[in-house]
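K.L.:
This is what each chain is made of:
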Amino acid sequence: MSDIAVTFRDVTKQYRFGAVSSGGVKNFLLHLPTHLKGMFNRSSFRALDSVSFEVKKGECLGVIGNNGSGKSTTLGLIAGVLRPTRGTVDTDGQIAPLLELGAGFHPELSGRDNIILNGVLLGMTLRQVREKMDDIIAFSELGEFIEHPIRVYSSGMVMRLGFAVAVHIDPDILLVDEVLAVGDREFQEKCLKRMEEFRSHGVTMVFVSHDLGEVERISDRVALLNKGCLVELGAPGETVEHYRRHFHGI
Amino acid sequence: MPLGCQATRQRGRCGPCLERRGPMRVESRKLLAYYGDLVRVLVAKEFKVRYKSTFLGYAWSILHPLAFAGVFFILFKIIVRLEMKHYALFLIAGLFPWQCFQNSVNASNNFFLGNNTLLKKVRFPRFFLVVAGVLNDLLHFVATIPIVLLFMLIYGKYPSLAWIVGIPALTIALFLFTYGMSLLVATTNLFFRDMERLTFLFTMLWFYMTPVLFPLEMIPERFRWMVYANPMAALIVSWRNLFLEGTFSPVLFATALGWGLVVCLVAQKLYSNLQWRFAELV
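Protein sequence lines, in the order shown, are assigned to chains A and B.
Note that the first sequence covers residues 1 to 250 in the working numbering.
Note that the second sequence covers residues 1001 to 1282 in the working numbering.
Check before you lean on any hint, since a few could be wrong.
Claimed, not checked - Only pairs whose alpha carbons sit at most 30 Å apart, straight line, appear in this in silico DSSO-like list of lysine-lysine: (1) K1077/B to K1048/B; (2) K1030/B to K1269/B; (3) K132/A to K1077/B; (4) K227/A to K132/A; (5) K193/A to K57/A; (6) K56/A to K193/A; (7) K1048/B to K56/A; (8) K1052/B to K132/A; (9) K1077/B to K1157/B; (10) K132/A to K1048/B; (11) K57/A to K227/A; (12) K227/A to K56/A; (13) K56/A to K132/A; (14) K57/A to K1030/B; (15) K193/A to K132/A.
Hints were generated in silico from the structure; no laboratory data involved.
So that you can see chain A by itself, here it is in the shape it has in the complex (with noise of 0.2 Å):
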């Protein structure tokens, strides 16, 4: 076994524009030959360019840049639901994304039917999530709220509800995709110490997040990512500084 978790090697990630999704089948029968010539020759945007570099086990990788960088796309093709256009992404253990608001939650149902729904989705089975459903419900700190249907839920306690099933699976890496922003201050401070107890468990992380002086202090390494390049891969005062010089509020 390496001890590298997660390994990108000269990974481009290419979304088209689609003739094909976008107008329905009458524009697509209507405007066949032009549609026949758009899928050879389509206009794409570049998401990813040619991006390389690893994470190690245990360690956590914060990930910034502004909007439109490549943040969510590289998070996708480590979760595994993107293929990158060109080269490989490589990956070592069990990963849960942490997911956006209520991502995989259905509203009508109770926030308990929730956890073994999610749980199992993530990759547990029924009786780990039975197992753990005490301890989710504790950390989530929801009270008689775990009864009532996700619905009545305000966004903060959607939240801690899907940070606290993400953290009893005992991943080997963790996607936190700029979540936490939602919940209050103390809820906040709660998962930053959760994610590291988990680093120091050996869990890796790649972390997404706007917050620089969160990205500051939890990671290992940080990666600046603009327009899809990676610009730049260090230590993380050094990194976030040069963000702010050169990127920040542009």
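Following the hints, position chain B against chain A.
P.N.:
Chain B in isolation, oriented as in the chain A frame:
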């Protein structure tokens, strides 16, 4: 150690399947058990969500198809005065399996699209969303079989031995064909959003082309071969023969099963070619 995604490797071009995983740390039996849990949880979700906060709750799974049957009964028996014995029983014996098919296929437009946030973030075999959706309708159908039995008893008919083979066999055939069609529609709808409208029109047309409301014998002799060309005709006639005559025709069953397998293969092929783009499309 949780199951699910383990070590993976993805390359450009040569295309990974979301199910095909690298060196697996857990043996496949555990993985199967996990997939079993996944299906259970997804079906339970559909079941709970469907009638959540309705007054009648699960009773709808029986009332809804019955109400439909009532409408057709009034139309054909009372207004059109169709000359048929046991028409109420005839109607529900064909209508219930048909509705299972039609509901699934129509709903399948949203099996992937409706779970967009999940597709974008979590890696799991996506076709389980379709499996769960179809199983949900199949369970609703199985729950209506006692109603058919009740109508049989009212008309003085009794279950036959053929049921022991017939019910499981036809349930499997119905599942396969419905699953295949649903997977096709669910996948295609991600690329052509028109699919939803087309599916509704198409299933309606298909309904009237299939001998659900009328017996096969009413179709002119020279079109009678369509029972082999239309897998739903083979299925509906089979279910009806089983309930009304207590007979099970292996030929019709083989027809339906064969069609089911073909559609499943085509759908699975399409799905595995396109699934890696799902997260980009939803």
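K.L.:
Of the numbered hints stated earlier in the document, which are not met by this structure?
P.N.:
Hints 1, 3, 4 and 7 contradicted; others consistent.
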